[in-house]
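Asker: Given next are the chains, with one letter for each unit.
Protein chains: 2
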Amino acid sequence: MTSQLRQSGGPAQHEYRILRDADLRGYLAELRAVATQLGGPPEDWSVSEVGDGNLNLVFIVRGTKGGIAVKQALPYVRLVGESWPLPLSRSHYEYLALVHQAALAPGLVPAVLHHDEALALIAMELLEPHIIMRKGLISGVCYPRFVDHITTFLARTLFLSSDLAVPAAQKKEGIAAFAGNHALCKITEDLIFTEPYFQAAQNRWTSPWLDATAIAFREDFDLHVAISRLKLKFMARPEALIHGDLHTGSIMATEDETKVIDPEFAFYGPMGFDLGAVIGNLIMSYLASAGHEHSAGERRSFEQWVLDAIENLWAEFSRKFVELWRGEAKGDAYPKTLFAGQAGAARLEAERQAYMDRLFRDTVEFSAAKIIRRILGLAHNIDFEWIEDPRLRATCEARSLRLARAMMLQTREFRTIGAVTIAARALRDWQPDFGG
Amino acid sequence: MTSQLRQSGGPAQHEYRILRDADLRGYLAELRAVATQLGGPPEDWSVSEVGDGNLNLVFIVRGTKGGIAVKQALPYVRLVGESWPLPLSRSHYEYLALVHQAALAPGLVPAVLHHDEALALIAMELLEPHIIMRKGLISGVCYPRFVDHITTFLARTLFLSSDLAVPAAQKKEGIAAFAGNHALCKITEDLIFTEPYFQAAQNRWTSPWLDATAIAFREDFDLHVAISRLKLKFMARPEALIHGDLHTGSIMATEDETKVIDPEFAFYGPMGFDLGAVIGNLIMSYLASAGHEHSAGERRSFEQWVLDAIENLWAEFSRKFVELWRGEAKGDAYPKTLFAGQAGAARLEAERQAYMDRLFRDTVEFSAAKIIRRILGLAHNIDFEWIEDPRLRATCEARSLRLARAMMLQTREFRTIGAVTIAARALRDWQPDFGG
Numbered sequence: 242m243t244s245q246l247r248q249s250g251g252p253a254q255h256e257y258r259i260l261r262d263a264d265l266r267g268y269l270a271e272l273r274a275v276a277t278q279l280g281g282p283p284e285d286w287s288v289s290e291v292g293d294g295n296l297n298l299v300f301i302v303r304g305t306k307g308g309i310a311v312k313q314a315l316p317y318v319r320l321v322g323e324s325w326p327l328p329l330s331r332s333h334y335e336y337l338a339l340v341h342q343a344a345l346a347p348g349l350v351p352a353v354l355h356h357d358e359a360l361a362l363i364a365m366e367l368l369e370p371h372i373i374m375r376k377g378l379i380s381g382v383c384y385p386r387f388v389d390h391i392t393t394f395l396a397r398t399l400f401l402s403s404d405l406a407v408p409a410a411q412k413k414e415g416i417a418a419f420a421g422n423h424a425l426c427k428i429t430e431d432l433i434f435t436e437p438y439f440q441a442a443q444n445r446w447t448s449p450w451l452d453a454t455a456i457a458f459r460e461d462f463d464l465h466v467a468i469s470r471l472k473l474k475f476m477a478r479p480e481a482l483i484h485g486d487l488h489t490g491s492i493m494a495t496e497d498e499t500k501v502i503d504p505e506f507a508f509y510g511p512m513g514f515d516l517g518a519v520i521g522n523l524i525m526s527y528l529a530s531a532g533h534e535h536s537a538g539e540r541r542s543f544e545q546w547v548l549d550a551i552e553n554l555w556a557e558f559s560r561k562f563v564e565l566w567r568g569e570a571k572g573d574a575y576p577k578t579l580f581a582g583q584a585g586a587a588r589l590e591a592e593r594q595a596y597m598d599r600l601f602r603d604t605v606e607f608s609a610a611k612i613i614r615r616i617l618g619l620a621h622n623i624d625f626e627w628i629e630d631p632r633l634r635a636t637c638e639a640r641s642l643r644l645a646r647a648m649m650l651q652t653r654e655f656r657t658i659g660a661v662t663i664a665a666r667a668l669r670d671w672q673p674d675f676g677g
Numbered sequence: 242m243t244s245q246l247r248q249s250g251g252p253a254q255h256e257y258r259i260l261r262d263a264d265l266r267g268y269l270a271e272l273r274a275v276a277t278q279l280g281g282p283p284e285d286w287s288v289s290e291v292g293d294g295n296l297n298l299v300f301i302v303r304g305t306k307g308g309i310a311v312k313q314a315l316p317y318v319r320l321v322g323e324s325w326p327l328p329l330s331r332s333h334y335e336y337l338a339l340v341h342q343a344a345l346a347p348g349l350v351p352a353v354l355h356h357d358e359a360l361a362l363i364a365m366e367l368l369e370p371h372i373i374m375r376k377g378l379i380s381g382v383c384y385p386r387f388v389d390h391i392t393t394f395l396a397r398t399l400f401l402s403s404d405l406a407v408p409a410a411q412k413k414e415g416i417a418a419f420a421g422n423h424a425l426c427k428i429t430e431d432l433i434f435t436e437p438y439f440q441a442a443q444n445r446w447t448s449p450w451l452d453a454t455a456i457a458f459r460e461d462f463d464l465h466v467a468i469s470r471l472k473l474k475f476m477a478r479p480e481a482l483i484h485g486d487l488h489t490g491s492i493m494a495t496e497d498e499t500k501v502i503d504p505e506f507a508f509y510g511p512m513g514f515d516l517g518a519v520i521g522n523l524i525m526s527y528l529a530s531a532g533h534e535h536s537a538g539e540r541r542s543f544e545q546w547v548l549d550a551i552e553n554l555w556a557e558f559s560r561k562f563v564e565l566w567r568g569e570a571k572g573d574a575y576p577k578t579l580f581a582g583q584a585g586a587a588r589l590e591a592e593r594q595a596y597m598d599r600l601f602r603d604t605v606e607f608s609a610a611k612i613i614r615r616i617l618g619l620a621h622n623i624d625f626e627w628i629e630d631p632r633l634r635a636t637c638e639a640r641s642l643r644l645a646r647a648m649m650l651q652t653r654e655f656r657t658i659g660a661v662t663i664a665a666r667a668l669r670d671w672q673p674d675f676g677g
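Residue numbers (this note's numbering), protein chains in the order written: chain V, 242 to 677; chain D, 242 to 677.
Bound conformation, chain V alone (with noise of 0.2 Å):
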């Protein structure tokens, strides 16, 4: 087998260790494909390494023909240190899932080159001039494809992976196949649905202003009920292979092309978390927004954008989602042969209209529970931390977990997505009492 697989040019099985500049250089010479993009002599490749999430290397290569960027996971929590470790095998999982993805929603993730299951590294499409969403949207940028392209990628990868698209048997098998990924799943676990409502040693807020809010929270019973349910549904409802972090840090884009990177958290899960993860974020966007004016309402057009996306999200989302359960409904869920003839066919599409509607109500109550964590627990986002005023940083805050706190616990009165929309502009200018 490893002799196959220099044959096909691929390198020998390694041990794992941490690929540093001349040996990554060395490493990826052997792969043929991989060292044809770039091009001209290895020497000559430069190597940069610009990780700037949580928890892995990422270098970027360029030789003289293209670029590449390639992952290494490591063994521990990179924001952290070797005192958390964390295992590589979420590489393989990364890998896995972007692999799916890129089946199920071509175009929309970036192409894989190669991947070590052994050194957990992954080499993949250099994404240029793609910068990271989140950053984008900080800076009030608007992106007018993002809808389109989101929504392409949340109802084909949630729909078919999902018990309406395949049949049980080869669902169950995905589902087993992401299983051992449990350790990632664990850090959500743990970050979004039980620190925040504690006292945690790694929660972090913007003190003093919000002092008040997480003491509250961690006061405030039934939004404990409400986010163990979360949490539950969250370990316990397999629906569809999800992307598990899909949050504005892992999109890039430009204003034509939208890709959705960094799936290592990816597992069979609830497909609210990934609707709720992007709304949320959205929604953190739109709230954050007034702390990054210099004149009041100069960012009024990039705000509105803003609202119209996450309405348009939805609304976008729904439509494809049925779309595709009306001509590729493959799965052993709802069998056609239970709704034939004209008067079945109407009452399975009344029936795709209350799925949507349950699936909303996962959407609001997950959206709430990302906003919350980024503000009471550990792993904070820089819409609100580049705000460089911890007041005005703790007054947009203290409006998201308003918000959040009602979409958690009013879900039922969020019926349309612009109920969302107008509670969120009536928070806009809201002005939080921090006593004192």
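Hint data in this document are derived by calculation from the structure and do not stem from the laboratory. Fair warning: there could be bad hints in the mix.
Heads up, the list lumps identical chains together, so a pair's fine if it works in one copy or across two of them.
The calculated lysine-lysine pairs, modelled on DSS-like cross-linking and capped at a C-alpha distance of 30 Å, are [what the hints assert, rightly or not]:
| hint | residue 1 | residue 2 |
| --- | --- | --- |
| 1 | LYS474 | LYS500 |
| 2 | LYS427 | LYS306 |
| 3 | LYS561 | LYS376 |
| 4 | LYS306 | LYS376 |
| 5 | LYS571 | LYS474 |
| 6 | LYS571 | LYS500 |
| 7 | LYS571 | LYS427 |
| 8 | LYS561 | LYS474 |
| 9 | LYS474 | LYS577 |
| 10 | LYS474 | LYS427 |
| 11 | LYS427 | LYS577 |
| 12 | LYS306 | LYS474 |
| 13 | LYS571 | LYS306 |
| 14 | LYS561 | LYS577 |
| 15 | LYS577 | LYS376 |
| 16 | LYS500 | LYS561 |
| 17 | LYS376 | LYS500 |
Position chain D against the provided structure of chain V, taking the given hints into account.
Answerer: Then chain D, alone, in the frame of chain V:
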């Protein structure tokens, strides 16, 4: 490995073959523990095939000292023949489930003496003088210890394999370990959740009396939506390791003992499916009882026992499940840190009740699904089949279908188990209008 197994008293690894008399005798003689338990020379052992289930061979082997039961899977559905192949791996899953259940609910499943994966064979404790509970119920036997035993089995196997008791990583491993049992799941998906609701070739019902009802069920799209939602739950809600086929034919009982057998359909699924299997079959036992009377009212005290058993079953199950939750919540769901102090404990206790209410609704719906499939689908049960007068049989079945339809469509009107037994009692003497 093979020689080690031989040394430790096990036989060499075999290719699969159907074991018959002399071959089986020779095979068992090689198993030291089994041979010792049987006693005497193998030539003197008696071997009889007693399987009356739909899928497998079951032998009772007796020696001078004692007896054992040997179950061997066939590579096809016994009831139908070689035209309906079925993987031998189900024996592996049955073995896994028996071992798990024995650990979680000691004394309530037969002890496994030997498992041979290649031969798809399990040798186990012979249950004497236990009989299949369904047969006892048909004769009007009451089982005074049954409710206590089955609720211990249900509460312990379901709770202790759920996210309430088991860390998420271990739960995911469990799900993956049973994911390969999809062929058995598919039987349930087809026979319970699909075929009774359309004109499937293998459906049977008591004709002509139930013709109109069978047609009505095939044209009732509200029912088709309800059963499709249930099917999706069955496929994609791995709440706990469920038995998967827990009707009264999978229970062997005496007045003092209860043993749950035949868990070859085991996988991680919704808890309500097992609960619904027991309750649905008790409802059928109750409504079939009139068909087994020789004189009006002679089985009244048996029938009262069945209704009491149904009520006590939910009450006791619920009490034991919640008690386990209070004391053995070592899972990742509903983390204790989020419900600290007296107020937190009170809120969690209220949520436990809400959880049980949701589980009860599932149970009501799955009970109904189990009833409908036994009357309009392929596999019927002897509770009804042994009623000789077909019109009387159809009458009992029509009462059951009427109740089941209400339980499926007006689930929220059945808020308590008392509502179920009251509805059943109200139908005990209802005379369906068979027209003509």
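Asker: Does each hint fit the structure? Answer for all of them.
Answerer: Going down the list of hints, with the structure as the test:
{"no.": "1", "hint": "LYS474 <-> LYS500", "in the structure": "within (27 Å within a copy, 33 Å between copies)"}
{"no.": "2", "hint": "LYS427 <-> LYS306", "in the structure": "neither (41 Å within a copy, 52 Å between copies)"}
{"no.": "3", "hint": "LYS561 <-> LYS376", "in the structure": "within (28 Å within a copy, 53 Å between copies)"}
{"no.": "4", "hint": "LYS306 <-> LYS376", "in the structure": "within (28 Å within a copy, 79 Å between copies)"}
{"no.": "5", "hint": "LYS571 <-> LYS474", "in the structure": "both (25 Å within a copy, 18 Å between copies)"}
{"no.": "6", "hint": "LYS571 <-> LYS500", "in the structure": "within (27 Å within a copy, 40 Å between copies)"}
{"no.": "7", "hint": "LYS571 <-> LYS427", "in the structure": "between (32 Å within a copy, 15 Å between copies)"}
{"no.": "8", "hint": "LYS561 <-> LYS474", "in the structure": "both (24 Å within a copy, 23 Å between copies)"}
{"no.": "9", "hint": "LYS474 <-> LYS577", "in the structure": "both (27 Å within a copy, 17 Å between copies)"}
{"no.": "10", "hint": "LYS474 <-> LYS427", "in the structure": "both (13 Å within a copy, 24 Å between copies)"}
{"no.": "11", "hint": "LYS427 <-> LYS577", "in the structure": "between (37 Å within a copy, 16 Å between copies)"}
{"no.": "12", "hint": "LYS306 <-> LYS474", "in the structure": "neither (47 Å within a copy, 52 Å between copies)"}
{"no.": "13", "hint": "LYS571 <-> LYS306", "in the structure": "neither (43 Å within a copy, 56 Å between copies)"}
{"no.": "14", "hint": "LYS561 <-> LYS577", "in the structure": "within (19 Å within a copy, 41 Å between copies)"}
{"no.": "15", "hint": "LYS577 <-> LYS376", "in the structure": "neither (45 Å within a copy, 38 Å between copies)"}
{"no.": "16", "hint": "LYS500 <-> LYS561", "in the structure": "within (18 Å within a copy, 50 Å between copies)"}
{"no.": "17", "hint": "LYS376 <-> LYS500", "in the structure": "within (15 Å within a copy, 62 Å between copies)"}
Consistency note: the structure conflicts with the earlier hints numbered 2, 12, 13 and 15.
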